[in-house]
Amino acid sequence: MPQLVRGGKYVFAWSIVGRDGRIRIPDEAVTEYHFSPGTVFILPGSRRSGGFALSTSKLLEKSPLATLLHSHAELAHHSSGEGELVYDRGKPYCWVKLHDRKIKIPLPTLKAYGVEAGDRLLVIRGSGLALGFAVKGPIVEEAQAHPEIAAVTCDEISEANLSSP
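Residue numbering for the sequence shown follows this note's numbering, beginning at 282 and increasing consecutively.
Because the hints were derived from the structure by calculation, they are not lab data.
Keep in mind that the hints are not guaranteed to be accurate.
Here are the simulated distance ranges between beta carbons [unchecked claim]:
#: 1; residue 1: Ala347; residue 2: Ala432; range: 30 to 38 Å
#: 2; residue 1: Pro428; residue 2: His380; range: 24 to 32 Å
#: 3; residue 1: Thr320; residue 2: Arg370; range: 20 to 28 Å
#: 4; residue 1: Ser338; residue 2: Glu309; range: 20 to 28 Å
#: 5; residue 1: Gly362; residue 2: Pro428; range: 33 to 41 Å
#: 6; residue 1: Ser344; residue 2: Asp381; range: 39 to 47 Å
#: 7; residue 1: His351; residue 2: Pro428; range: 39 to 47 Å
#: 8; residue 1: Glu423; residue 2: Glu309; range: 17 to 25 Å
#: 9; residue 1: Ala354; residue 2: Glu309; range: 27 to 35 Å
#: 10; residue 1: Thr348; residue 2: Glu429; range: 35 to 43 Å
Note that the Cβ used here is the ideal one computed from N, Cα and C, for glycine as well.
From just these sequences and the hints, can you work out the full model?
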């Protein structure tokens, strides 16, 4: 796992968003964050990096974000629709299913996180609370200068068909 600059964050890979909103999670990240099939939460990324973060109820319960689940039962109990946005203090949150190391976020929901189909998301080791998927900012710019960072895609997409409309 590359560390882009001395003292900086570690990155796992680029993950390319599929036409239908499918996003592959790098194997090493799945292992490190103990992700397993089931429900995961999508949290807003930082203002600087945009995108979103991926976490589980187990990780959130041990953090200040536990209040989010207590305040929004529709998130905690998955009674809102999968990928349906719930706002807290003006920030978007939702839940989706993780299956076969992939998540699928509806395209309108992705837009709320500043992400679109075909985007290259930089998968970043976060604080241990959530896995980051950055779409912009200094870390993404630095990563573009590192060809050794692998890219992962979902089976149904490829670099070739991402360039076509």
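Checked hints:
Against the hinted window of 30 to 38 Å, the Cβ-Cβ separation of Ala347 and Ala432 comes to about 34 Å, which satisfies the hint. For Pro428 paired with His380, a C-beta distance near 31 Å keeps the hint of 24 to 32 Å intact. One distance hint, 20 to 28 Å for the beta-carbon pair Thr320 and Arg370, holds here, with the actual separation near 22 Å. Between Ser338 and Glu309 the CB atoms are about 22 Å apart, so this pair conforms to the stated range of 20 to 28 Å.
In this structure the supplied range 33 to 41 Å holds for Gly362 paired with Pro428, their Cβ-Cβ distance being about 40 Å. Taken as a hint, the range 39 to 47 Å is violated for the pair Ser344 and Asp381, whose Cβ atoms sit roughly 27 Å apart. Distance hint check: the CB atoms of His351 and Pro428 are about 45 Å apart, consistent with the given range 39 to 47 Å. Distance hint check: the CB atoms of Glu423 and Glu309 are about 20 Å apart, consistent with the given range 17 to 25 Å.
Distance hint for Ala354 and Glu309: a CB-CB separation of about 34 Å, consistent with the stated range 27 to 35 Å. For Thr348 and Glu429, the Cβ-Cβ distance of about 40 Å falls inside the hinted range of 35 to 43 Å, so the restraint holds.
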